[in-house]
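Novice: Chain by chain, the residues run as shown.
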Amino acid sequence: MHPALLGLVTVAIGVGGCIGYFYGANLFLDKVLLPAKGPNAGRNINRANQIRPWLFLFPALLALGLYLAYPVFATLRLSLLERLPGNQYAFVGLDNYTQMFAEPKFWEAMKNNVMWLIVVPAASTGFGLLAAQLTDRLRWGSIAKSIIFMPMAISLVGAAVIFKLVYEARPEDVAQIGVLNHLYLNYFGGLEPQQWLTNPFWNNFFLMIVLVWIQTGFAMVILSAALRGIPEETVEAAIIDGANPLQIFFKIKIPQIMSTIVVVWTTITIATLKVFDIVFAMTNGQWETQVLANYMYDKLFRANDWGVGSAAAMIIMLMVTPILWWNVQNARKEMR
Amino acid sequence: MENMAGQKPAVVIALNLSVVLLVLLWIFPTLGLFVSSFRTGDQITTSGWWAALFPAEQTLQVRAQDPDDFRVDAGNGVFVVEGNVFVEGLGDPLPIDSWGTSSRAIDAYQVGETADLGDGETMTLAEDGSYIWQGDDDQISGRAQRMFINATVPPDFTLDNYKFVLFNPENAEGMAKAFFNTLTVVIPATIIPILIAAFAAYALAWMDFPGRALLIAAVVGLLVVPLQLALIPLLSFHNYIGIGKGYLGVWLAHTGFGLPLAIYLLRNYMVGLPKDIIENAKVDGATDFQIFTKIILPLSFPALASFAIFQFLWTWNDLLVALVFLIDSSGQTTVMTKQLVELLGTRGGDWEILATSAFVSIAVPLVVFFSMQRYLVRGLLAGSVK
Chain A
230 MHPALLGLVT VAIGVGGCIG YFYGANLFLD KVLLPAKGPN AGRNINRANQ IRPWLFLFPA
290 LLALGLYLAY PVFATLRLSL LERLPGNQYA FVGLDNYTQM FAEPKFWEAM KNNVMWLIVV
350 PAASTGFGLL AAQLTDRLRW GSIAKSIIFM PMAISLVGAA VIFKLVYEAR PEDVAQIGVL
410 NHLYLNYFGG LEPQQWLTNP FWNNFFLMIV LVWIQTGFAM VILSAALRGI PEETVEAAII
470 DGANPLQIFF KIKIPQIMST IVVVWTTITI ATLKVFDIVF AMTNGQWETQ VLANYMYDKL
530 FRANDWGVGS AAAMIIMLMV TPILWWNVQN ARKEMR
Chain B
286 MENMAGQKPA VVIALNLSVV LLVLLWIFPT LGLFVSSFRT GDQITTSGWW AALFPAEQTL
346 QVRAQDPDDF RVDAGNGVFV VEGNVFVEGL GDPLPIDSWG TSSRAIDAYQ VGETADLGDG
406 ETMTLAEDGS YIWQGDDDQI SGRAQRMFIN ATVPPDFTLD NYKFVLFNPE NAEGMAKAFF
466 NTLTVVIPAT IIPILIAAFA AYALAWMDFP GRALLIAAVV GLLVVPLQLA LIPLLSFHNY
526 IGIGKGYLGV WLAHTGFGLP LAIYLLRNYM VGLPKDIIEN AKVDGATDFQ IFTKIILPLS
586 FPALASFAIF QFLWTWNDLL VALVFLIDSS GQTTVMTKQL VELLGTRGGD WEILATSAFV
646 SIAVPLVVFF SMQRYLVRGL LAGSVK
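Protein chains in written order, with our numbering: chain A, 230 to 565; chain B, 286 to 671.
Calculated directly from the structure, the hints in this document are not laboratory data.
Misleading hints may appear alongside valid ones.
As the list claims (entries may be wrong) - Below, simulated EDC-like cross-link-like pairs (lysine to aspartate or glutamate); rule was C-alpha separation at most 20 Å, straight line:
#1 B:K293 / A:E465
#2 B:K530 / A:D527
#3 A:K480 / A:E461
#4 A:K334 / A:D527
#5 B:K560 / A:E563
#6 B:K567 / A:D259
#7 A:K562 / B:D493
#8 A:K266 / B:D569
#9 B:K579 / A:D259
#10 A:K480 / A:E462
#11 A:K340 / A:E517
#12 B:K579 / B:D561
#13 B:K462 / B:D441
#14 B:K293 / A:D365
Here chain B stands alone, though its shape is the one from the complex (with noise of 0.2 Å):
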C-alpha cells in the first residue's frame, strides 16, 4: 500500500502507541466492572478498582491482645503480652515495611525494633508479625496497645460476589431466576425466525412470482421501522386474543421485529449462490421443497449462523421488548436487563452486587461474541454492504 517503500520506525511507533491507547480506552471502562465484581464491598469503596491490580502500601491497625486475660507475669513487677498480630486479626502474614504505635507517627519504627513507649513500657515487633509489649503492673493493664502496620498487600480476589448473586437462595434480587427466564425468552425468539425467514428468503431468491421485487422493497422499508411503534397496538391485541403479557408474546413479538433482517440477510445470501446448482437439480426433477431442504439450507449456513447471532445478541440484551411484552407486575419473569436497571435504582451504591450482576449478564453475550466473531463480522457486511 502506500507505505510499501518502508516505513520510517518512528512513524510505526506512533501507530502502534495510538491503538494501544485507542483499545485502552475501549477496554477500560469493561475492565473496571469486571475487576470491581471480585473485590469486596469494603475494597471497592476505599480504593479505585485499578489500584487493586497492584500490590499496594496499605497501614492496617490492630491493637495488642486484651492484658487483662493475656497478660503474663515475667516477676519483679514486669508484665508481658505476646502475640501475632497476623494470626490473631490481620489474616495471612505480609511483608512489613514500617510500623508504630501513634497515629501521629505511623511508621516510627523498622521491624525488630523496640518503640519506647516511655517510663519503661515497650512494644518490639519481630518480622513474622509477632510482638512483645511489656510494662509495669499499670502499664499493661486497661486497653491494649495500638499498633499501626505498613504493609505491602497483594491483590486480593473473591469469588464471594459471583456465589452471593448467583447461588444465594436467600438473595431475593439475585440474578439466578433472571438468568433462566431471559434464557428462555432467548432460545424460542433465536430459533424460530430464522426458519420462517429461510423459507421466505428462499421464495424471495430463487421463486419467480408477481410482486416479488415489490415484496423485497417491504422489507428492506421495514428493516428500519421503529419498534415504538409497536407497543400498544400489538399489547392490545395480545391482550385481545388472550396471550396478555407473558412468555409466548415476547416469542412472537421477536419474531416478528427479528423478521426483516432475518429474510433481508438470508435472501442476499441466497441469491448468490451459484445458479448452475439449482437449475441441475431442477433438470433432475428435484422440487423446490428438496432443492431448499437439501441444498439451499446447507449451503447457507453462514448467512443462518450470521443471523442466529444477531438475533441471540438482540434478545439477550433487549430491555424494551421484555417490559412491554413479557414482564407483569408478578415480577415472576422479570428478565437480566430489568433486573440489572431496578438495582441501579436499589441497590445503586452498592457496586460489588450491580458490578457482579452486571458481569453475569454480559458474559455470555461475550462468550458468543468471541467465539462466532467470524460470521457476526460477515453478516455486519452482508447486511449493510454491497
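In isolation and in its complexed conformation, chain A is listed as follows (with noise of 0.2 Å):
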C-alpha cells in the first residue's frame, strides 16, 4: 500500500479508534457494568463515576508509562548488561561505565556539553532579553520579534544546512561564497581564508552558534511577555526617582522577571543537554566537537555497543535529573 494512503487509513483508524474507545468504555460503563438504574442506581453512579477518570486516563497512561517511564529503567539496566551473541545478556556490574569514562572522546564529549550547556543558555536568554527590551515599544517591533522569532521553525537539520553555506571556506584565489569567510578577508583583515568548522576548539563555538540563532527567539517572546506583565507604577516611581534607562533595565526590571528568565534559562539548557542533530548534520564529531547525544549514538548504532550507550544516556539523564526534580518541587506547590 502507498506510505501516503496508509497514513490516511491510519489517521482514521487512530482517531476512530480513539474516539471509539471512549466513547464505548464510556457507554459500557453508564449502560452496563455500572447502570443508573433498578435497586443500586446510586451506589452504581458514584463506582462509575470513580472508574471514569481511570477511563479517560488509560491511555494517556499506558503510552506515557510505556515511551518514557519503562525506558528510563531499561535503559538503566541496559547500561548494567553486556550483550552476547545470541541475544544473551551478561550482567557485568560498572564495567560499562568504566570503559567509558576511560575513553578519551567521552571526555571530549563531556567537556564540549558542558561548555553548550555554559554559553548556549546565557548567550540565548541574553539576545533573547535584548530583543525583548528593544522591540518592546518600536512600532515595527513585532514584525522584529516574528523575524528573530522565524528560525524556531527551522529544523535544526536546515539550520546546518543554512549555517554551512555561512561557514563555507573556498581556496584563497576563488570568490569565497560563505559570508563569514567574505567578511573575514574583506573586513577583518584576514589573511587567508579559515575553515571553520574543523579548526578545534573554536569550530565548537560555530556549531553553538547554531542553537543560540533557533533559541534567541523562544527567549525573547517568553521574556517580552514578562517585560510587559511588570506594572507601570514600579517603573513610573523609578523615573520620578530619576533612574536613568540602564538603572530601570537592572535595578527594576530584571528583578521582576528573574522567575521567567530562571524558567527559560532551564528550558534552554534541556534543549542544549540533548543536542544531535547540529553536530551529527555538520561535523558528526569530528575535529574535536563529539557531544554526549551523538556520543550515545555512535555507540548504540554504529558500533553496537548497547552497554556503553545506554551508560552514555543514563548520563544525559543524571544531567536532567536536578531540573526534573526542581519542576517536580515547582509544580506541586502550585497545586497546593
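Quick one: dock chain against chain with the hints and give me the complex.
Specialist: Below you can see the structure in the form of C-alpha cells.
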C-alpha cells in the first residue's frame, strides 16, 4: 500500500479507534457495568464516577508509561549488562561505565557538552532579553520579533545546512561564497580563508551559534511577555526618583522577571543537553566537536555497543535529573 | 513607561538601528540559502549570494563567428565577418559599458569605437552587440577574434533547481519522495496524541480522584526526560511485538514523546476555563462525556491549536526518532531531514542542490509558523510561564 494512503488509513483508524474507545468505554460503564437504574442506582452512579477518570486517562497513562517511564529503567538495566552473541545478556556491574570513563572521546564529549551548557543558554537568554527590550516599544517591533522568532520553525538539520553555507570556505584564489570568510578577508584583515568547522576548540563555538540562533526567538517571546507584565507603577516611580534607563532595566525590570529568566534558562539548558542534530549534520563529532547525544548515537547504532551507549544515555538522564526534580517541586507547590 | 516624557531623537534612531542590525543578523543566514536556491551552480561558485541581488558589472568573453564559415569577401582583398555577440551566445542584450580585444586591456574601447588590431585589421562593436570584424585574407581566418565585453548584468534567477529537486524522476536524491514520507509521518503523529491527551487533560483538570496530584507531578517530570533513553528499549520492544522499523513505530513513538507536553498544556488551559459553565452543565444533567465533547473541547480550541503546531513542527523537523524507529536499510522510508544529512555528505559542494533541498524541507514549517504564530506564542507562554 502507498505510505500516504497508509497514513490516511492510520489517521482514520487511530482517530476512529480513540473516539470509539472513549465513547464505547463510557457507554459500557454507564449502561452495562454500572447502570444508573434499579435498586443500586445511587451506588452505581458513584462507582461509575470513580472509575471514569481512569477510563479517560488509560490510553495516555499506557503511552506515557511505555514510551517514557519504562525506558528509563530499561536503559538503566541495559547499562549494567553486556550483550552476548545469540541475544544473551550478562550482568557486568559498572564495567560499561568504567570502560566509558576510560575513553578520551567520552571526556571530549563531556567537556564540549559543559561548554554548550554554559554558552548556549546564557547567550540565548541574553540576546532574547536584549531583543525583547529593544523591540518592545518600536512601531515595527512585532515584525522584528517575527523574524527573530522564525528560526524556531526551522529544523536543526535545515539550520545546519544554512550555517554550512555561512561558514563555507573556498581556496584563497577564488571568490568566497561563505559570508563569514568574505567578511573576515575583506573587513577584518584576515589573511587566508578559515575552515571554521574543522579548527579544533573554536569550531565548537561555531556550532553553538546555530543553536543560539534558534533559541533566541524562544527566549525573546517569553521574556517580552514577562516585561510587559511588569506593573507600570514600579517603572514610573523609578523615573520620578531619577533613575536612568540602564538602572531601570537592571534594577527594576530584571529583578521582577527573574523567575521567568530562570524558566527560560532551564528550558534552553534541557534543549542544549540533548543537542544532536546540529553536530550530527555538521561535523558528526569529528575535529573534537563530539557531544554526549552524538557519542551515545555512535555507540548504540554504529559500534552496536548497547552497554556503553546506555551508560552514556544514563549520564544525560543524570544531568537532567536536578531540573526534573526542581520542576516537579514547583508544580506541586503551585497545586497547593 | 520610562520614556513617557518623550525620547530624544538620537536615542530613537539608535534604538531603531540596533533592532535593524539584530533583525538583519537573524535573517541573513536564511536569506542566503533562499537566494542560493534560485541560482545556478556556476553562479553560486563564482560570486557570493549577496552579490546576486544587485546588478553586477561582469566581464563576458566571446569570440566572433568562425571566419572559415562566415567571412564574406567584400572585394579588394578585404574580408568581413559580421554578427551579434548577444544573438550568438551571450543571451539577452545587456548594456555594454566598455570592451576590449585583449586580456591585458579588457576595457580599452567604448561602444561604437573601432579597435585597431594592427596591419589594417579592425573590429567595431556597436551598442546593440553587433560587430564588424574586417581585414585581409590572412587575418580573417583560423581562430576567430576574441572580445571582452564589460556589461552590467541584472540579477538572474532560475527555478531549475526546484524542478530538478522536486520533479525530476531520474534524480535519485530528489526530495519528492522524502517530502511525502515526512508528511506521512507527521499527520497521524500530530492528530493522535491530541485526542489522547485531551481526554487525559480533562480528567486531570476537572475530575476528582485519588492520586491526581501525583499524576500531574509525574507528567511534569516526564516533560524533561530525554528521549535518548527510549531509543534502544523501545526499538527492542517494537521488534519484540513485530512492528519493527516502520511508520507504525514512528507514529507510536511520536505519540508517546509528545504526550507530556500535550497533557500539560491542555490541562493548564482547561483548568482556567470558567467553573460556572461546567457546574451548570452538571446541574442540568450533562454527563462528563457530554461536558467534555460539547463544552470543554470547543472552548479549548486555542490550546489544541497551540499543541498541534508544536507537535507538527517537532515531528516535521525531527531527525533522531525517524533515524531510529523509521528508516530501514532499504531507504524507501527516508524523511527530508535524513535526506538532507545524506546530501551534506554526498553533495557537500553542490550548493544549488543543497540549498534547494533544504528550502523545500523548511518551506512548510515556515508557512505554518507565519500563519499560526499567534497560537504558537500562546502555547509557549502557557507552557513555561505561569
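Novice: Quick one: which hint numbers does this structure break? Sort them smallest to largest.
Specialist: As far as the earlier hints go, only 13 is violated by this structure.
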